[in-house]
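Based on the provided sequences and hints, a complete structural model is requested.
If you're matching them up, the sequences are chains A and B in order.
Residues 1 to 292 in the numbering used here are what the first sequence spells out, letter by letter.
Residues 1 to 381 in the numbering used here are what the second sequence spells out, letter by letter.
There is no bait here: all hints are sound.
Facing chain A, a subset of chain B residues (Cβ under 10 Å, in silico):
(1) R108
(2) H142
(3) A181
(4) S213
(5) N243
(6) N256
(7) A258
(8) L260
(9) T264
(10) M265
(11) V268
(12) K269
(13) N309
(14) F311
(15) L364
Some chain B residues near chain A, calculated using beta-carbon distances under 8 Å:
(16) V113
(17) P143
(18) L144
(19) D211
(20) I245
(21) G259
(22) M262
(23) L270
Take a look, some chain A residues computed to stay more than 10 Å from chain B by CB distance:
(24) R7
(25) E8
(26) G32
(27) T40
(28) K43
(29) T47
(30) G65
(31) G67
(32) L85
(33) A90
(34) G93
(35) A149
(36) Q199
(37) A222
(38) A267
(39) S284
No lab work stands behind these hints, which were simulated from the structure alone.
Every value quoted in this text rests on a predicted model; they were computed, and no experiment measured them.
Cβ coordinates follow ideal geometry from the N, Cα and C atoms, glycine included.
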Amino acid sequence: MSILVDRETRLLVQGITGREGEFHSRAMAEYGTQVVAGVTPGKGGQTALDGRVPVFDTVDEAVRGTGANASCIFVPAPAAADAILEAADAGIGLVFCITEGIPALDMLRVYWVLRQAGVRLIGPNCPGATSPGQAKVGIIPGSIHREGAVGLVSRSGTLTYEVVQAMSDAGLGQTTCVGIGGDPIVGTSFIDVLDMFNQDPETEAIVMIGEIGGDEEERAAAFCAREVRKPMAAFIAGRTAPPGRRMGHAGAIISAGGGTAESKRAALQAAGVSIADSPSQIPSLLRAAGVR
Amino acid sequence: MKLQEYRSKEILASHGVPVSVGEVATTPAQARAAADRIGGPVVVKAQVLVGGRGKAGGVKLAADPAEAEARAAEILGMTIKDVTVRTVLIAPAAEIAHEYYLGIVLDRASRAVAVIASAEGGVEIEETARTNPDAVLRLPLHPLLGLLEHNVRRVAFFLGLSPDLRGQFGSILRGLAEAFASSDADLAEINPLVVTAGGELLALDAKIVLDDSGLYRHPDLEAMRDANEEEPSEIAAREAGINFIKLDGSIGCMVNGAGLAMATMDLVKLAGGEPANFLDIGGGAKADRVAAAFRIILDDPNVRAILVNIFGGITRGDEVARGIVEARATLQRQVPMVVRIVGTNAAEAAQILEAANLITAASLDEAAARAVAAARGEAPA
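Next comes the structure, spelled out in structure tokens:
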């Protein structure tokens, strides 16, 4: 089993005819994901991916025409918040938004509208999710994965790839890898994904990759202490980050008295999570916790 | 992006908030003329974005224009937390009966815009929240409807405002909320909001911090950026589309992805070195951007070695390697370079790098250790 994406996922790509959208749609389809539709306003009736995928003007038409049940968004930041709402309006229950740089106040409204509509949003500013051997949605390179029993959740992109690669090299495969995004307001929190992994019978252990800023990791630690009985390992980036500066990700900023790597490490450690000093230590921490 | 006090006050004033505006001056003579026009006692305030300017002597009272000129001469050119003061604000001095704190902030924890208020103004709100949490009201607003009238009443009653001040307070809080939303701010605060001896509310100091992601729709606010307070290298990086923050160490870092860039800095430190910067080159690692990144890193004379960490993933490693070798050939100053490229064609990438006499590494730990050794002038292990 896995979480969020699998063989049944029927994916729609919003922005499929753009450079990024086209490139990654191709990679998703090659990995085995069912890419069933694309949406680019004004290009309805055309096709993408060498004629294999129909393109629609609106998400509504795409859903009615193809039975798409998930969407992946590659549209530019000024139009991305609206694209998320369009997907929710059309009845899509699971939306991945890869786009970086959406204004926080736009995301705030989107967050609450989707929550009230019962739509699951992953991101924005996230790399997506992969269930190895089944499907990948987003931009995570498929080649780094291996099928297995570890669930991974992360706030970052390439750092996630680093850890996944280290795990796969060490023979530790994954059920699903999820990047929740580095923005201050994201649709899905660490706790949401930890809860899914905790309930997924095939996920035997969980890896969490956090970074400075906010208190999501601290809240996740409280959840782990209370609910999670599976072995866990974590890495927190930004021990050397200076306070008050935005470290690339809009969410990665140490503000007065909070959000430091040390406070996150301490909270997770107290919750029984093994803490890595380097991404390369994650596999050995998992082995030490009894993961085969 | 932080706005200077006088810019923040201009924005609040345009939304109907009564502010002590004043005039800006960049020379003592201008300060004198401004004080003359304002009339009566004035405050001379250093315009810097760093906190603690009052304690550093950057805010001074002046009884008349001659004294304003003298105080401005002291403050202009002064250094506050590494920032040289180039502008002062000359504002009318107010007789203060009471000081409040009033702010609006994007509160990521509750995923809401929240009003923060305290009857103990004039000090940092974080300090009040620590020492006397009951003195601070944190009121999340409705995410779709924003500030409602019962919110305004609740804040006014919390602050214990007298009935004759409540009407004026309502228009101030509504103006602050409008200013926050219409400028895509992360924070808009008035500290202190004072009651004057004449019984009027007045914003004596203001601070607005903008959401960088919202700037594209506010060219007027982008134009308020104060280049005086930014590292020249950080300005160059922004213009090249690179996320860069200068630090104090000797090992320059060039990485794709913000999380991996932070992790790379952490591993440099773990290996016994100090990172010279945070640098996220973004997706693709294209040759022109790599060249710009190298120039920005090497502009810092403290840099003794560069660690390049590119997790290519889908990008072809050999293309990135060629880009790095080409970019390196254009550099004025050369330092040892440790390059780690992961991704498609990583083996070909390593061959290209080694042929160009660059130090390579397979793992990030190894790359960090080699960069630290190289910065110390040791041969690669």
